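Asker: Sequence:
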Amino acid sequence: MLPWMVIEAIQGNGPLALGLLLVYLFITVIRNILEPKIVGSQIGLHPIVDLVSMFVGAQLFGIVGMISFPIFFSLLCHLNETNTIKLYK
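Counting from 21, one number per residue, gives the positions in the sequence shown under the working numbering.
Treat the hints as calculated values from the structure; they're not laboratory data.
Remember, it's a predicted structure, so these values are computed and weren't measured experimentally.
Since no wrong hints were added, every one of them can be taken at face value.
Just the calculated beta-carbon pair ranges, DEER-fashion:
| # | residue 1 | residue 2 | range |
| --- | --- | --- | --- |
| 1 | Leu41 | Ile83 | 22 to 30 Å |
| 2 | Trp24 | Phe81 | 31 to 39 Å |
| 3 | Gly32 | Gly82 | 34 to 42 Å |
| 4 | Ile30 | Ile83 | 29 to 37 Å |
| 5 | Val69 | Thr104 | 18 to 26 Å |
| 6 | Ile91 | Leu22 | 27 to 35 Å |
| 7 | Ile58 | His98 | 13 to 21 Å |
| 8 | Ile27 | Asn100 | 50 to 58 Å |
| 9 | Ile105 | Tyr44 | 41 to 49 Å |
| 10 | Thr104 | Leu45 | 43 to 51 Å |
The beta-carbon is built from N, C-alpha and C at its ideal position, and this holds for glycine as well.
All chains, please: the whole structure from these sequences, using the hints.
Answerer: Here is the structure:
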C-alpha cells in the first residue's frame with residue numbers, strides 16, 4: 021500500500037494518497053492490537069507474553085523463531101499447569 025500511496029502523491033492525487041495513508045495506519049494499529057490477543061487466546065498465553073515471544077524469536081531466529089517461540093512458551097505453560105515441571109505457581 022505504501023508504494024501505491026507514494027505514486028498517487030507524486031501524481032498529484034492527494035486525497036487518494038491521504039485515504040490510503042489513513043487505511044494503512046488503521047490496519048496497522050488494529051493488527052498490532054488484535055493479533056497478539058487472538059493468537060494468545062488460541063495458544064493459551066497472555067497477549068504480552070505472546071507478543072514478546074514473537075519479537076524475541078524473530079530477533080534471534082527470524083521467521084522460524086517467530087513461529088516456534090510462542091509454541092515453546094505454550095508448551096512450557098501446559099507442562100507447568102499439569103505439574104510435569106515446576107516453573108511458577
